[in-house]
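Colleague: Now for the letters of each chain:
There are 2 protein chains.
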Amino acid sequence: MHSVLSYIDQNQDRFLQELKAFLRIASISTDPAYKSDMLLCASSVQQQFIDIGLENVQVFPTEGHPIVYGEWLHAPGKPTVLFYGHYDVQPPDPLALWVSPPFEPTVREGQLYARGASDDKGQVWCHLKSIEAWLKTQGQLPVNVKVIIEGEEEIGSKHLFKFISEHTELLKSDVALVSDTPMIAQDVPSICFSLRGLVYLELKVTGCTSDLHSGQHGGAVPNPINALATIISKLKDTQNRVTIPGFYDDVLPISDTLHHDILALPHSDETYLKDLGAKALCGEEGFTTLERRWLRPTLDCNGIFGGYTGEGEKTVIASHATVKLSMRLVANQDPYKITKAFRDFLPSITPPEVTVEVKEYSGAFAARVNPEHPAIEAAKKALESAFGVPARLQGEGGTVPIVNEFEKKLGIQTVLMGLNLANDNIHAPNERFSLSNFYRGIKASAHFWKELGSQSFPR
Amino acid sequence: MHSVLSYIDQNQDRFLQELKAFLRIASISTDPAYKSDMLLCASSVQQQFIDIGLENVQVFPTEGHPIVYGEWLHAPGKPTVLFYGHYDVQPPDPLALWVSPPFEPTVREGQLYARGASDDKGQVWCHLKSIEAWLKTQGQLPVNVKVIIEGEEEIGSKHLFKFISEHTELLKSDVALVSDTPMIAQDVPSICFSLRGLVYLELKVTGCTSDLHSGQHGGAVPNPINALATIISKLKDTQNRVTIPGFYDDVLPISDTLHHDILALPHSDETYLKDLGAKALCGEEGFTTLERRWLRPTLDCNGIFGGYTGEGEKTVIASHATVKLSMRLVANQDPYKITKAFRDFLPSITPPEVTVEVKEYSGAFAARVNPEHPAIEAAKKALESAFGVPARLQGEGGTVPIVNEFEKKLGIQTVLMGLNLANDNIHAPNERFSLSNFYRGIKASAHFWKELGSQSFPR
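Those sequence lines, one after another, are chains A and B. My numbering runs 11 ahead of the 1-based position in the first sequence. My numbering runs 11 ahead of the 1-based position in the second sequence.
Be careful, since some hints might not be right.
For identical chains, the list gives no copy identity; a pair is met inside one copy or between any two copies.
To be verified - No more than 30 Å apart at the CA atoms, straight line, and that leaves these computed lysine-lysine pairs for DSSO-like: (1) Lys419 <-> Lys31; (2) Lys169 <-> Lys215; (3) Lys169 <-> Lys348; (4) Lys245 <-> Lys183; (5) Lys392 <-> Lys370; (6) Lys285 <-> Lys183; (7) Lys245 <-> Lys419; (8) Lys247 <-> Lys147; (9) Lys89 <-> Lys31; (10) Lys420 <-> Lys31; (11) Lys215 <-> Lys247; (12) Lys351 <-> Lys392; (13) Lys173 <-> Lys348; (14) Lys173 <-> Lys392; (15) Lys245 <-> Lys46; (16) Lys351 <-> Lys290.
Just so you know, the hints here were simulated from the structure itself, not pulled from any lab data. All values derive from a computational prediction rather than experimental measurement.
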């Protein structure tokens, strides 16, 4: 173990340079304009797999973006870990708010700034570099490893799900490892026990067939922006509860134990509010901030547009207006059922003078992890070795849809080893990853292979 | 008169070519990117004034866009008419919906398509060409004429108002003439008796200082899009009445006579709805469509944007969201008072977790014209001569702020001689002006100078 850790220390700078090269590729999966960057990025992952010593390296094309696979399977009798990550990133806009350009990785005050630095390229790099450290110094790993890095996590992992169904034998493993969730606080290593699910929709409201002069016609014709505002305003009540009938039907209550465990975590509403720079927190009445973020479902608009959005004024009544909105779901809620409930409810809150069309983007189930799984024990020990303090269990409000897929299709649990921080601005301008977490993450990963190799493991 | 009309017939094609050249200039006043096109356009108006025989032609610079002035004052003892028009146009977006490009004037099926074809370049051209016809064939006009063509009508005419206050002697006249309102129906020449006023505002709602991941934070933090939707939804009630306290306080009731006069105008809700292509008309309960458009105030959102507006999905909670909205006012409502009432009301409908900033764009008083003014009589006769059917009096929902200014600063009434049609798509894609209205408009204008010269006129 000593030589593995020494190797990591000695190669820190090179690891950083390699990660920067990876971050320079604008692998924006949602935007068709970046198709060739996506191919380039998949290809760079493939090369990296070969360089660090993985075997049977393959790039699987899909109808969307490619999936890259590699493995090292020479630890007979030891558990097999399926490490999953993604090479695609969120769009970087609004560009004007980035201090340094999103695809020119820049280190400032110990932080590496770039789109994808935390989500998920930086965290992927931690595990690839620990595999490299083991294989280059020991010629072997303490466990068997399979790695898949996909390119559609930010758009719902649709083709990966199909890939998993079609490759259950190739992917057969004892446990999965994912680092795509944050730590609960600076210097407090964390393992995530719950993820929220997702339903992402787009509504287009149409009034007249053409834009109209708001003076000539205003007051007598449908206004789709006003109508859309009415629809949105009726989706939540004054207690910030979603009004869709049946929305909360399948939501499990939060047990007293869980409520108190969460209260004991290092979190302060005051600090959180200060970090956000908002006037006030707001959310569903009767729940704490962490409960609202991790264990309660919600609904948020993610984008809205219609009519004249340029500089100055234009006296127009738009023909149509659009909102992108998403619902975060919790364990036991079904995204298909929720989508149907939304569709069923929509006509009742749509003003009669307009029409509304619904476009469905991705959907995902929420996930819960069994905290007593031996791989969770191994991860706790590994994190404590690397960070010097005990790891904590925490929830996460985001979605890692793959966790549910692994359970459903491969019958395995997932260790969600968080290596970045909640204020690392993922999905926002100035995304970052602290270099200290990057380096400690590599070491934690190196320890994890060892700890896992020494666990007695259920088969 | 015969030679004047013959001249118009003989020069139709040249007049159209000249108008096309005028329409090719992208004189978009609201967008600073078109500053040089605005200067070019003012300069082309100046040249036109000189070419048709106006005298004392001057381009007055302002802090915004220039004002072009010209005159012909050699009809002693005859009334002086102040003809006003504007050379600026609305932005052409959404560009994708134009059949031919907005600044490449194109004739299809007797219609001239271009941004500004109706509003207001085409109508300005009618009067300039009738002046040319008189001066080139007779060497004189039957009245004295002063002409001002400004470049800021679409953004509130702010600098023109200052110009008028500073040039009351230069502009001193007996009556004003404006063609910037539509005809009530195809082949039915119309004079407008009322215009609505305007208050145009922009609201910016801010939640957190940065965009956030909607999974990590959703349910616990302010969402400015949802908050903005709530604000908008509370600005009108279910009867489509504006909810701002005091909004209707100064609105004058519609007299029974006026109600019945309007009912007698050629208008069909069925045809109107069909033209709009909407599911249903909608507006304030208790009023007819024409009353809603002409004589009742209203509130419409004109543009909205916030968060992710690109293709696909992005799970983001925006830092802020913006709406552009305008209120149309009617006679006796004060735009300053209404703006204040809006500002006073806003905090009560703003969710406590967000802040909202208000930006004020233009404001304008509504206007009413005395239908018994001798210039109205002259206009009626002129229109009947050109169109072959009697002219009708109609209202107009849009704003021509200058009408109030002329009354207030110069003490004169305005003849609003409508030459285009309500479905000519002004402020919308595929704006047009029918060639038959263009040519009949020139003749109506030629008749108007003659009729006005023979009216006994109050001084």
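Colleague: Hint by hint, note whether the structure agrees.
Modeller: Outcome of the hint check:
no.: 1; hint: Lys419 <-> Lys31; result: neither (35 Å within a copy, 67 Å between copies)
no.: 2; hint: Lys169 <-> Lys215; result: within (23 Å within a copy, 36 Å between copies)
no.: 3; hint: Lys169 <-> Lys348; result: within (18 Å within a copy, 55 Å between copies)
no.: 4; hint: Lys245 <-> Lys183; result: neither (46 Å within a copy, 55 Å between copies)
no.: 5; hint: Lys392 <-> Lys370; result: neither (45 Å within a copy, 56 Å between copies)
no.: 6; hint: Lys285 <-> Lys183; result: neither (45 Å within a copy, 61 Å between copies)
no.: 7; hint: Lys245 <-> Lys419; result: neither (35 Å within a copy, 46 Å between copies)
no.: 8; hint: Lys247 <-> Lys147; result: neither (55 Å within a copy, 69 Å between copies)
no.: 9; hint: Lys89 <-> Lys31; result: neither (34 Å within a copy, 81 Å between copies)
no.: 10; hint: Lys420 <-> Lys31; result: neither (34 Å within a copy, 67 Å between copies)
no.: 11; hint: Lys215 <-> Lys247; result: both (19 Å within a copy, 21 Å between copies)
no.: 12; hint: Lys351 <-> Lys392; result: neither (44 Å within a copy, 64 Å between copies)
no.: 13; hint: Lys173 <-> Lys348; result: within (21 Å within a copy, 62 Å between copies)
no.: 14; hint: Lys173 <-> Lys392; result: neither (34 Å within a copy, 76 Å between copies)
no.: 15; hint: Lys245 <-> Lys46; result: neither (38 Å within a copy, 43 Å between copies)
no.: 16; hint: Lys351 <-> Lys290; result: between (35 Å within a copy, 24 Å between copies)
In summary, the numbered hints that this structure violates are 1, 4, 5, 6, 7, 8, 9, 10, 12, 14, 15.
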